[in-house]
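Use the sequences and the hints to build the structure in full.
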Amino acid sequence: MINFDHSGPIIACSTGRKENTAIAILRISSPDSLSLINDSLSIDFNRIEDRKAYFCKIIDKSSKSIIDEVLLLSFRAPASYTGENLIELHVHGNQLNINRILKYFCNQYNFQLALPGEFSYRAYKNNKMDLFQLEGLEQFLNAKNTYALTEGLSGLNGELYNSYCQLRESYLNLRSAIELGIDFLDDIGEEKFDQLLKDRTQQFERLLFSLKKRTEVDTGSLFNPSIALIGEPNSGKSTFFNNFLSFDRSIVTNIEGTTRDLVSESIVINNNQFRLIDTAGIRESKDKVEQEGVKRSFTAVKNAFFKIQVINLFNKKTYAVSDVDLLIFTHAQQPSFLEKFKEFYSKNNKIPPFSFSEKSGPIGPVWTKEAGPIEPIDFIKSGPIEPKLLIIDGPIGPDVKSGSIEPYIKSNKFNDIERFIEQKFNIVSKEVGINSDRQKNLILNIFNEWCELSNNNYLLDDITLFSHEFNRLSILLDELLGITTPDNVLNHVFSNFCIGK
Amino acid sequence: MFDILIIGGGHAGVEAAWIASQFNLNVGIVTLPGVGLASTPCNPAIGGVGKGQVVKELDALGGLMGRLADLAGIQYRTLNESKGYAVHSTRVQVDKERYTEFAEKIISTETRIEIIRDKLMGVASENCFELSLESGRILECKKLIVTAGTFLSGRTHIGSEVRTGGRYESDNSSGAKEIFSNVKTNVKKFKTGTPPRLNRNTINYEMMEVQPSDSNTFNFHFSHELSKRFLKQIDCYITWTNEETHNLIESSKNSSPLFNGQIMAVGPRYCPSIEDKVFRYPDRKKHHLFIEKEGLDIETVYPNGLSTSLPKTVQEKILKTIPALKDSEIINYGYAVEYDVVDTRELDKQLEYKAIPGLYFAGQVNGTSGYEEAAAQGFVAGLSSSLSLLGRDKITFSRRDSYIGVLIEDLVTNYREEPYRLFTARSENRLFIREDNNFSRMYKYRSEMNLKTKLDSFYEKYLLEKNVLLKAIKSKHLNFNSEFKSLFDKFKIPRNDKGIFLEEVLKMGHVDPYKFLSSFLEKVGLLLNPALIKEVSITIKYEGYIARSDREYTKVEKLDSRKINWEELSNSHNISTECRQLISSIKPLTFSELKNINGIRPATLAFIACNI
Numbered sequence: 279m280i281n282f283d284h285s286g287p288i289i290a291c292s293t294g295r296k297e298n299t300a301i302a303i304l305r306i307s308s309p310d311s312l313s314l315i316n317d318s319l320s321i322d323f324n325r326i327e328d329r330k331a332y333f334c335k336i337i338d339k340s341s342k343s344i345i346d347e348v349l350l351l352s353f354r355a356p357a358s359y360t361g362e363n364l365i366e367l368h369v370h371g372n373q374l375n376i377n378r379i380l381k382y383f384c385n386q387y388n389f390q391l392a393l394p395g396e397f398s399y400r401a402y403k404n405n406k407m408d409l410f411q412l413e414g415l416e417q418f419l420n421a422k423n424t425y426a427l428t429e430g431l432s433g434l435n436g437e438l439y440n441s442y443c444q445l446r447e448s449y450l451n452l453r454s455a456i457e458l459g460i461d462f463l464d465d466i467g468e469e470k471f472d473q474l475l476k477d478r479t480q481q482f483e484r485l486l487f488s489l490k491k492r493t494e495v496d497t498g499s500l501f502n503p504s505i506a507l508i509g510e511p512n513s514g515k516s517t518f519f520n521n522f523l524s525f526d527r528s529i530v531t532n533i534e535g536t537t538r539d540l541v542s543e544s545i546v547i548n549n550n551q552f553r554l555i556d557t558a559g560i561r562e563s564k565d566k567v568e569q570e571g572v573k574r575s576f577t578a579v580k581n582a583f584f585k586i587q588v589i590n591l592f593n594k595k596t597y598a599v600s601d602v603d604l605l606i607f608t609h610a611q612q613p614s615f616l617e618k619f620k621e622f623y624s625k626n627n628k629i630p631p632f633s634f635s636e637k638s639g640p641i642g643p644v645w646t647k648e649a650g651p652i653e654p655i656d657f658i659k660s661g662p663i664e665p666k667l668l669i670i671d672g673p674i675g676p677d678v679k680s681g682s683i684e685p686y687i688k689s690n691k692f693n694d695i696e697r698f699i700e701q702k703f704n705i706v707s708k709e710v711g712i713n714s715d716r717q718k719n720l721i722l723n724i725f726n727e728w729c730e731l732s733n734n735n736y737l738l739d740d741i742t743l744f745s746h747e748f749n750r751l752s753i754l755l756d757e758l759l760g761i762t763t764p765d766n767v768l769n770h771v772f773s774n775f776c777i778g779k
Numbered sequence: 011m012f013d014i015l016i017i018g019g020g021h022a023g024v025e026a027a028w029i030a031s032q033f034n035l036n037v038g039i040v041t042l043p044g045v046g047l048a049s050t051p052c053n054p055a056i057g058g059v060g061k062g063q064v065v066k067e068l069d070a071l072g073g074l075m076g077r078l079a080d081l082a083g084i085q086y087r088t089l090n091e092s093k094g095y096a097v098h099s100t101r102v103q104v105d106k107e108r109y110t111e112f113a114e115k116i117i118s119t120e121t122r123i124e125i126i127r128d129k130l131m132g133v134a135s136e137n138c139f140e141l142s143l144e145s146g147r148i149l150e151c152k153k154l155i156v157t158a159g160t161f162l163s164g165r166t167h168i169g170s171e172v173r174t175g176g177r178y179e180s181d182n183s184s185g186a187k188e189i190f191s192n193v194k195t196n197v198k199k200f201k202t203g204t205p206p207r208l209n210r211n212t213i214n215y216e217m218m219e220v221q222p223s224d225s226n227t228f229n230f231h232f233s234h235e236l237s238k239r240f241l242k243q244i245d246c247y248i249t250w251t252n253e254e255t256h257n258l259i260e261s262s263k264n265s266s267p268l269f270n271g272q273i274m275a276v277g278p279r280y281c282p283s284i285e286d287k288v289f290r291y292p293d294r295k296k297h298h299l300f301i302e303k304e305g306l307d308i309e310t311v312y313p314n315g316l317s318t319s320l321p322k323t324v325q326e327k328i329l330k331t332i333p334a335l336k337d338s339e340i341i342n343y344g345y346a347v348e349y350d351v352v353d354t355r356e357l358d359k360q361l362e363y364k365a366i367p368g369l370y371f372a373g374q375v376n377g378t379s380g381y382e383e384a385a386a387q388g389f390v391a392g393l394s395s396s397l398s399l400l401g402r403d404k405i406t407f408s409r410r411d412s413y414i415g416v417l418i419e420d421l422v423t424n425y426r427e428e429p430y431r432l433f434t435a436r437s438e439n440r441l442f443i444r445e446d447n448n449f450s451r452m453y454k455y456r457s458e459m460n461l462k463t464k465l466d467s468f469y470e471k472y473l474l475e476k477n478v479l480l481k482a483i484k485s486k487h488l489n490f491n492s493e494f495k496s497l498f499d500k501f502k503i504p505r506n507d508k509g510i511f512l513e514e515v516l517k518m519g520h521v522d523p524y525k526f527l528s529s530f531l532e533k534v535g536l537l538l539n540p541a542l543i544k545e546v547s548i549t550i551k552y553e554g555y556i557a558r559s560d561r562e563y564t565k566v567e568k569l570d571s572r573k574i575n576w577e578e579l580s581n582s583h584n585i586s587t588e589c590r591q592l593i594s595s596i597k598p599l600t601f602s603e604l605k606n607i608n609g610i611r612p613a614t615l616a617f618i619a620c621n622i
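Those protein sequence lines, which keep their order, are chains A and B. Okay, so the first sequence: first residue is 279 according to this note's numbering, each after it adds one. Okay, so the second sequence: first residue is 11 according to this note's numbering, each after it adds one.
Covered stretches of chain A (chain B as the covering partner; in silico rule of three or more C-beta atoms under 8 Å from a C-beta of chain B):
id: 1; segment: 459-471
id: 2; segment: 731-739
id: 3; segment: 754-761
Keep in mind that the hints were calculated from the coordinates and are not lab data. None of these values were measured; they are calculated from a predicted model. Idealized CB from N, CA, C, for every residue including glycine.
Dropping the structure here:
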């Protein structure tokens, strides 16, 4: 724990300390009156009004020389950021000047230079903000992209806090359903109880999975979202890439390893700009350039917002399905495709169950699940994402050899892909990720405990034991809501402060 | 001068008098003439979910209730059998006449207890309490325990018939009211009800499902043989209400005192009247009715589940809709009673009224429902007042190890909106607070009482055996190709080459630990007390879970036990007005009490947690 033992006046420069700027802001906070600095000001500090800007001079009280011309604002306790008496000095932003003024106040009045986070710490101590606002502030100040910024703000506003409250609420609802079953089954009846348990479990899981998803959202990937095409060499990524872009950007041949490096282009889907990345097919190669390309492919895939795996079942490779958002099968026009596909399907348990419609001869771009199109899977709500399937008949675009430069008119299948991408983007960007490591860890803990709990059949046999284990989650949930001893939270927050003076 | 006087001779009063007499104090019970001791005016059954545990606790502490229930028991059941050992609960239906007879007999043989059958006219308190009775007699005492049940401004209702009295055809003790001029009662009266009693010879038993008494259920009392029955056991019968019944009740809504505004009091949500059930669960087409005889020689039958205060004619019509009861004759009509209850926030954990030292309240007058809850409070009040008289240290029950502790803490830390009933979910430590380990849990309290009775020698023997057995099990390693082979097969224990520790087997998810350990001990020829085997096997099964939650609890407890300043908080600008009101009305002293306030917001908790 960082110690902010000092309780007397503190001073710090709240704006950047690296470059010279036009104006810099210094803040002084003190539990006691600050009128002692009156003898260094050209105006009567005791007669100025709060929250009004006064132009004045800072005068060295021993040499009577002018140090700087400044704008001064006073905020008297408790109506200030820290809850103490606070003065803001807008000084000229030359670093030498700033240093001189800081030094002057420290020497003359025994002010101390504030430690990182000390102003906020005082605000917290004086009930000006709660721990969540503090955590949010930390993120806000340290945010590296716009999403983290929004997230920081939402922490300050309580959006995230509300969703934690909702989770806790639904946890309590589920808990009370379980308890009803133990103590009052006769009153509510078995049927009603089963229904209640089912509904409330679903509700709890939905909220929990959605929060868990939010811990996984890499805010960086949203700042500049990219769509990565991955797949075995020569599976048709580049063909797809070109057609999706509607022009030939990648060189397309039927030789494995044609694309040896990343190729990327901007693409706009429903007013959001994405980077479409065609990765080098992943294969072992002696070619230095290709090796580097594969390496870069890995990185690009890792950071991608939306991952599409392209599979050509006629490649003599094993087709491991990666953790992707969409699977596309090419060369579906080949007569033996269906057979190949069934074989592939039976080997791959990651693919959601569905059956084929064979009504139109060769399989078209269908994705059918029993009867009718596969319901678009809600990315967030369904828990672990199962990849969607897209099967493309015929060559995906213009004949590979013809190298047509005619703009390709997008067919329905591309609309569907765009729809998927847009859908995920909307959901993910609306439910912004969680940046606080402390909260992330807690949510993951709750998630893991829940998975372990709900998968243990023996526990379910002894409902009291199940309830006992389930009740343990309340400690984690309370902690998530900040109902916990402040020490560990504070420690975490203040250890991350860098500029939030 | 009495050491302790008790107003009321119900379950609370009897327990209070009994335990105080064990400390060699002079005790008197003032009870209305014509009302028997420890009577069961409602359901003639002791125990039940969460309540069986309390009776077991009382028994291990030296209370009376378990002993009386065994002696008068005519139907035994273990409730919650399918829901895990932790919540198994004993319920014993008793012969209500004999229950009172046994209570009178035990109390009257205790020479240090005097029973005064008289009506209380007034109470004065200066240096001691002075009770004036109708006969003109004046009683003095150092400590006064009030167990007035439903007799504080009691009023009974059947349809539009309203009478004063805490029970039908019983008067109130008007004098009891006086001492309450200084005692805070809840703004709203509480309400409870009872079903009509039927003539046992006018019921068609063939049309009902039979539920025989369970011969395996253990007795409550420590010195009774585990499954011995003292009286002839009887069957109980199950039938159901139907849509016709529900339609009738719906159409009689206007004549129901509960719904037409005649009764404004709040009833227990957990023990609702039939009209409550019909209106609250409109999608249920039928409700259970247990037809229970009230005694071996008594003419009346108690239709459990048919509690009502509807007019007499409607009660008769209701019975006509139920085939098995259609010809039944009502001997006593069902009625509801409303009564004043003490604001229990004014009591401490000893149940002493904080503003009037020496005055204790226990039982239904504190807003609880149920004989068991009443008995537990009576015991606590009797014990506390005795210890205080003797100048000894207080004994405070903890909610971590007893339902008594749960009950007391819940009572004195929260404003009661409705009658309080114990059930297992009220405890945070349910895997540990079980019926089977009552001796292990109560030992520390009982030994603190420092009484040397038969019970205390039983403890010594029992706990010694328990430790030996536990130790033996922990070191026992079994081979798969041994005489236990058939046992392993029977319990489907997966085989391996190395063998297995007995302890591991008992912890396996699919193994019933009690059945396995019993079979195992039988195999090795060890004859032990089955209750002991039960406790030890379940203890081993749950110990890992309990230990883990204990560890986590210490973390929480650090926060929970922190003192808070409610006065400061109720003026804090960082807390919503609503929460501030709750805080200033409940006056919580610790964080845990704060957390348990109904309706307190998480944000408030988080704020306070960070600022204490």
